[in-house]
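Keeping the supplied structure of chain A fixed, place chain B upon it in accordance with the hints.
Going down the list, the sequences are from chains A and B. If you count by this note's numbering, then the first sequence holds residues 1 to 203, one letter each, in order. If you count by this note's numbering, then the second sequence holds residues 1 to 203, one letter each, in order.
The set of hints was computed from the structure by calculation and includes no laboratory data. There could be a bad hint or two in this list.
Same chains, same names: a pair is fine if it fits in one copy or spans any two.
[Unchecked claim] Cross-link-like lysine to aspartate or glutamate pairs, in silico, EDC-like; alpha carbons within 20 Å at most: (1) K22 <-> D34; (2) K179 <-> E27; (3) K100 <-> E153; (4) K199 <-> D131; (5) K152 <-> E96; (6) K194 <-> D131; (7) K100 <-> E27; (8) K179 <-> E77; (9) K194 <-> D139; (10) K199 <-> D164; (11) K199 <-> D139; (12) K199 <-> E60; (13) K179 <-> E41; (14) K22 <-> E167; (15) K179 <-> D131; (16) K194 <-> E80; (17) K152 <-> D131; (18) K100 <-> E65; (19) K100 <-> D131; (20) K179 <-> E150; (21) K194 <-> E77; (22) K99 <-> E153; (23) K179 <-> E167.
These numbers come from a predicted model, not from an experiment.
2 protein chains.
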Amino acid sequence: MQVFIPFSPSNPKTRLSGLLTKEERVEFALVMLDDVINVVESAGGIPILLSTELVARDIEIIVDERQLSVAVNSIIENSELPIAIVMGDLAIATSENVKKLIDASGEIVMVPGRCGGTNAFVTYRSDFRVDYHGTSYLDHICIAEGIGAEIKEMDSFRLSTDIDTEEDLIEILIHGNGKSKEWLIDAGFYLDIKNEAVKILRR
Amino acid sequence: MQVFIPFSPSNPKTRLSGLLTKEERVEFALVMLDDVINVVESAGGIPILLSTELVARDIEIIVDERQLSVAVNSIIENSELPIAIVMGDLAIATSENVKKLIDASGEIVMVPGRCGGTNAFVTYRSDFRVDYHGTSYLDHICIAEGIGAEIKEMDSFRLSTDIDTEEDLIEILIHGNGKSKEWLIDAGFYLDIKNEAVKILRR
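So that you can see chain A by itself, here it is in the shape it has in the complex (with noise of 0.2 Å):
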């Protein structure tokens, strides 16, 4: 199956801005990419960047300026399907998780992130289309309803974990297993749990 990841380049992960540099966020952005086309290839998938610029990477791009959700409608209208979405960012999904997603059964297979965010999903139906602000969950949610799809929700933790926060990355540090984690070692980072609620630091 093709699994599109959309990916934006230019000053991501804003909300990493109080622990890591511009450059340094487009650099684990990047890394975080890496681990995403690991995860899809090892899969089976053949994993399709969905880029607003060009990006040096050893797969096929598709550069779209357009905001994310025109970009990603345009790919399920031009495409053949089923296909999949998957954020370039869910750095500690594994290739078992993305194995499930492809396999699942379902016209429309969606996979929720946290605070009503939809972090991938599989269309079998090319009238499906997204709109990603917001609650976009319920919102794919009401649209799937309305061309009168079979949706299916797929449950995961590791998928349901899009990195935007400094939280975020504490769970990279405890269950991720790929380039992003060592990254994050390598940059100085380190779990505190001295108190009850567990903090990342940096040395």
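Frame of chain A, contents of chain B only:
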């Protein structure tokens, strides 16, 4: 399978103090507990409350005033195995989730929570011990490895979502389908989706 549900009714959910009075927090914690009891029963499990004080609920109750880890370890030592431990604040858990946990293979099946927590587990090993301080998930893996147990991770967004913070309430309004969601709506809570980041507000 016996499913023990740890619970502490005195001054619960202090991180929700900005949104809820102490009385409301107690009431809401009990409503979440009822949701967990319901899904355990629907999953074919036998719910047993492991509470720090007496609570009026129509199921078996074990009152143990000691620290959570001590109380849970005592349960593991003194129960006929396998048993499950499922936290009382997993308000968006479904009976399918709990059934999957109960049915999972592995001598110790663990469900990670956000930030290193352990939200649920099943043990077939009487020599397994818990330590809920700090990054308990990593500690529990170490302990399980130390006794040579076969460990399995159960990957579930819904079971990984324990309700501690205001942001967690958003997950109930989006993904809940029990009393907890009703309670929040009746108490006037709603989602503010006007901006990019989803917020929870109260009328």
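Hint check:
When the C-alpha separation of K22 and D34 is checked against a cutoff of 20 Å, the pair qualifies only within one copy, where the shortest distance is 19 Å, while the shortest distance between copies is 47 Å. When the C-alpha separation of K179 and E27 is checked against a cutoff of 20 Å, the pair qualifies only within one copy, where the shortest distance is 11 Å, while the shortest distance between copies is 44 Å. Both within a single protomer and between protomers do K100 and E153 lie at most 20 Å apart by alpha-carbon distance, with minima of 12 Å and 15 Å respectively. Taking the shortest Cα distances, K199 and D131 sit within 20 Å of each other only across copies (18 Å), while inside one copy they are farther apart (33 Å).
For the identical chains of this complex, K152 and E96 are neighbours both inside a copy (18 Å) and across copies (13 Å), given an alpha-carbon limit of 20 Å. Proximity of K194 and D131 under a CA criterion of 20 Å is satisfied inter-copy only: 14 Å between copies versus 42 Å inside one chain copy. Proximity of K100 and E27 under a CA criterion of 20 Å is satisfied in neither setting, with 29 Å inside one chain copy and 38 Å between copies. Proximity of K179 to E77 under the C-alpha cut-off of 20 Å is found in neither arrangement, the shortest distances being 33 Å within a copy and 40 Å between copies.
Proximity of K194 and D139 under a CA criterion of 20 Å is satisfied inter-copy only: 14 Å between copies versus 41 Å inside one chain copy. In this homomeric assembly, K199 and D164 come within 20 Å of each other (Cα to Cα) both inside a single copy, at 15 Å, and across copies, at 16 Å. For the homomeric pair K199 and D139, the shortest alpha-carbon distance between copies (16 Å) is at most 20 Å, but the shortest distance inside one copy (33 Å) is not. Taking the closest pair of Cα atoms, K199 and E60 never come within 20 Å of each other, the shortest separation being 38 Å inside a single copy and 37 Å across copies.
Taking identical chains as interchangeable, the C-alpha atoms of K179 and E41 lie at most 20 Å apart only when both belong to the same chain, with a minimum of 15 Å there against 42 Å between chains. For the identical chains of this complex, K22 and E167 are intra-copy neighbours only, at 18 Å inside a copy versus 27 Å across copies, given an alpha-carbon limit of 20 Å. Taking identical chains as interchangeable, the C-alpha atoms of K179 and D131 are never at most 20 Å apart, the minima being 30 Å within one chain and 29 Å between chains. In this assembly of identical chains, K194 and E80 lie within 20 Å of each other by CA distance neither inside one copy nor across copies; the values are 52 Å within and 35 Å between.
Taking the closest pair of Cα atoms, K152 and D131 come within 20 Å of each other only inside a single copy of the chain (18 Å); across copies the shortest separation is 36 Å, beyond that limit. When the C-alpha separation of K100 and E65 is checked against a cutoff of 20 Å, the pair qualifies neither within a copy, at 30 Å, nor between copies, at 42 Å. Taking identical chains as interchangeable, the C-alpha atoms of K100 and D131 are never at most 20 Å apart, the minima being 24 Å within one chain and 32 Å between chains. In this assembly of identical chains, the alpha carbons of K179 and E150 never lie at most 20 Å apart, being 36 Å within a copy and 26 Å across copies at closest.
Taking CA atoms no more than 20 Å apart as the test, K194 paired with E77 passes in neither setting, with 51 Å inside one copy and 28 Å between copies. Taking the shortest alpha-carbon separations for K99 and E153, both the intra-copy value of 15 Å and the inter-copy value of 16 Å come in at or below 20 Å. With identical chains, the CA atoms of K179 and E167 are at most 20 Å apart within one copy only, with a shortest distance of 18 Å there and 29 Å across copies.
Checked against the numbered hints above, the structure violates hints 7, 8, 12, 15, 16, 18, 19, 20, 21; every other hint is satisfied.
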